[in-house]
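Undergrad: Spelled out from the first residue to the last, the chains are:
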Amino acid sequence: MAISVLLSFTACNAQIKNAKTESVKIYGNCGMCETTIEKAGNKSKVVKVDWNKDTKMATITYDAKLTNPDEILKRIALSGYDSEKFLAPNDVYAKLPDCCQYERKAQTVAKVETPKTEVKEDHSTHNHSAMTETRQDVSQLKAVFDNYFAVKDALVKTDGNTSSTKAKELLTAINAVKMDKLTTEEHTVWMKVMKDLAFDAEHIADTKDASHQRDHFMPLSENMYALIKVSKTETPTYYQFCPMANDGKGANWLSKENAVKNPYYGSQMLTCGKVVETIK
Amino acid sequence: MDNQKNIYKKLLPIAILLLTTTNTFAQKVVRYDLYVKDTLVNFAGKEKRAIAVNGQIPMPTLTFTEGDTAEIHVHNLLKEETSLHWHGLFLPNKEDGVPNLTQMPIKPNTTHIYKFPIIQNGTHWYHSHSGLQEQIGMYGNFVMLKKADDKTFRNGIDDLPTLPIVLSEWTNVKPENIHRMLHNANDYPALKKNSVQSYGEAIKAGHFKTKLKNEWKRMLAMDVSDVYYEKILMNGKPSSDLKSIDGKELKAGDKVRLRISNGGASSYFWLTYAGGKITVVANDGNDVEPVEVDRLIIAVSETYDIVVTIPAENTAFEFLATTEDRTNSASMYIGNGIKQLQSPQPRLKYFEGMKMMNDMMKMNGDLDDMGMNMSLNQMDMNVVMYPEITGDSKPKQSENDPNRYNANALADIVTLNYAMLKSPNNTSLPQNAPVKELKFELTGNMNRYVWSLDNKVVSETDKILIKKGENVRIVLYNGSMMRHPMHLHGHDFRLLNGQGENAPLKNIVDIMPMETDTLEFNANVEGDWFFHCHILYHMMSGMGRVFSYENQAPNPLIPNPKLAQRKLFADDRAFHFMAENDFATNGNDGMAMVQGTRWSIGTEWRLGYNDHHGYETETHIGRYIGKMQWLMPFIGFDWRYRKLETDAMGNVHGEKNLFGQTNTKDNRRQFSLGVAYTLPMLVVLQTEIYHDGNLRVQLMREDIPISKRVRASFMVNTDKEYMAGLRYIVNKNIGLTTHYDSDMGLGFGVFLNY
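Sequences listed follow chains F and Y, in order.
Count the first sequence with my numbering and you get residues 1 to 280, in order.
Count the second sequence with my numbering and you get residues 1 to 754, in order.
Isolated chain F (complex conformation):
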């Protein structure tokens, strides 16, 4: 009896020398996850991974002279699955099939928005109220700017659907701005451009035809430029110009990157244009 137990034990580990076994948690959902996890972890004669989709626990048997659990868990994380030690790259996780989109409990969500503001807060506890107020200002117009950039990015890709949705969000953000929280300068400009901003955003939202959207994107960009000039942003914004747009009259837009990606032509002329001003 003892011998047969011993035999079966050696048999199951026959392939792996210097075998060591550990039990570790790996996040995942289904049978498909199991296949991916085990395939990523296994290495012929060196590593054998057995993951249980109910307990989310994996039994890892490995040759302790040739590898270690970190190496194995890193490989598994690179295939899309978090463990207690490694988080999968976000883009790899995003590409997992729908049924495998497990809940990422191991991941601490990055503080949304600006770590910079957080740091400021740490240092200025004595001046807390003032600090919070500036933060609100930033976030108020920030939503407007962010949605504008999203519309721009969609137009760069000539993606009429996305620019329409993003323009809707832009409109919401515009309507949500509380004017009394703006600085005097911002307020003055805001009063001038608000109506036009809303008008153009609405028209972009109403159509899925990119060329019509671009017609409205031109005045939208002009007004955004006026606004961002007086507003404080944390990262520099680049005011860019393409001389060919608008039937050769030229048109501007704003971008967070100084590399030119033209929203007026899409892939036809992506890098036509130049930075005319850097706004800080």
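These aren't lab readings, by the way, just hints derived from the structure by calculation.
Treat the hints loosely; a few may be bogus.
Under 7 Å between C-beta atoms, here's a sample of chain F residues computed to sit facing chain Y [to be verified]: (1) 255; (2) 259; (3) 271.
Please read these numbers as outputs of a predicted model, since none were measured by experiment.
For every residue, glycine included, the Cβ atom is placed at its ideal position computed from N, Cα and C.
We have chain F already, so just place chain Y on it with the hints.
TA: The following block gives chain Y in isolation, referenced to the frame of chain F:
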């Protein structure tokens, strides 16, 4: 008289004391002692020789503040010569550390003192400039801090927690052997990297025609880099944690500045960060306006200062350096907690790259940029091979799209290029200085691994004379098939990149195939300054020039300039040896060859096991002609012994060749004159006339890549001899063969090569 003497004697020590004290007031002398010693390391499973300084690899980080005087004592405890070059530094020429050019090599068991004032700030590095020592450990960080009251001090950048990182690679193969194998077009590294690009693989990828056209244009399969490395290292480690800096634990929201030098001998690295965008704040030790990117490539010997942010609590974010060929990488986890990984760079689509090269290569070996004016890394032909830019399979861009090589136009991610670098200061050169313009074409021959400027190596050219005070403008065009990081010693140059008077200052410019870049500098320090490709194996092959100032004072460290020059030239004049032999059932087949930049001396032999099969050797001494080196005239000597058949009458049956010429001797000794020419499909046409008037024409092709490990060859000539064979590559030095030979019949064998 006596009195006077005494007075001098008394005054002298006082004077000396005064001098030294003024010195201490004016500047701080910072002294480092470096002990250079052989060591054994185990980076990749095997104990190998390396060189450690003060017992460590990389060499210790040397830190100074602008205004200090550096005094570095180099104690050479090796059994060979050494030297140390301070990369990117402004210093007197005799401190520059190029053996046989700015100083004589530091002999074993001697000490050499480098002493120079620190007159700049920024991230630099230092390395051995002797032989291939840089590959096996002699690289280190060299950091010069700004003074606290420096006007250019940037709050939020210069006061961040900072870590210097030197990137490097490790191979278990001796660097001398790598160098030799590169010159002999050994494709074993490609096998290790799984990038052979054989016919079999081409057919599988639906690229048979591409491969055929590639060979038609006389190209061997190429990769973006040629050396296989087992390990990539950041500060000597393939993987490390950065949990705290200067004793302060890193937490969410913290920004970290990394001073990164690429101390790799031949690898470019992609830098990416799992925690988001990378802000580039300096390049080659010079501040640039901060620019946010998703990734950047760091050329061999370049430095970049980057700032990254830790975006979340309880997480360490992976900072990843991946070799350009994407076969290997090193990681550093920045922060505390669970490790957030960065996705690795996907594998290259080699056949797309081959197709691109086919389009660029003209039949005569020149490159054709098809009207695109390429510069500053803005257009990257290699994007056709990048799945993250051009998709997983076929490129989606059309043939005529002007942006089909523009990574930033094709994808959402932002890749740094030189046009995005902008100096915060006006970097214009003196206005009224005379301008000297120089033009160089970077040239090279992939197949024979010859790298040069204007098809001349260092030893084939004179020093280029420049005058103190003039502005030197250099226009570089890369007509070779690989990218080259060109480095200028002792000066920073302005890279004319469209930023006007804010052109960035650099001392290395990476230049991709078919690019043209213009750089300029004011000649302000006398001396002999090296200007060369910083890929170690390209430099050792002679890819460089020496700039020398007219009428300059002789260098006191070079007592015998002629001897020094001869030793300097010896680097690219070196010959590389190779040998192979097939021990087959029907005889021995082999060759041995030594080759230099232009000359080739080779002997081939076919030794049967009996007199009927015969014994024969051919020796050729030839010189390669032209940039592509397709043509090689040679003189030869043949010896053959073979028992010829006799008939019943006792007449010897001679052998008739296709031209009706016969030879009846079974013991032939012949001199010959001939010429070998590489035809499309890499078939070598060899025409040879012997001193008895016999003519022989031969076609031969070796190493036809059939599949990843199988190579075929054939030979046919007008002596009615023919041969066809197959070889299976077992490892770097061993193969299994089968071949059929008209003299010796069918055979199987074991093939050894060195």
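Undergrad: Hint by hint, which ones does this structure get wrong, listed from lowest number up?
TA: 1
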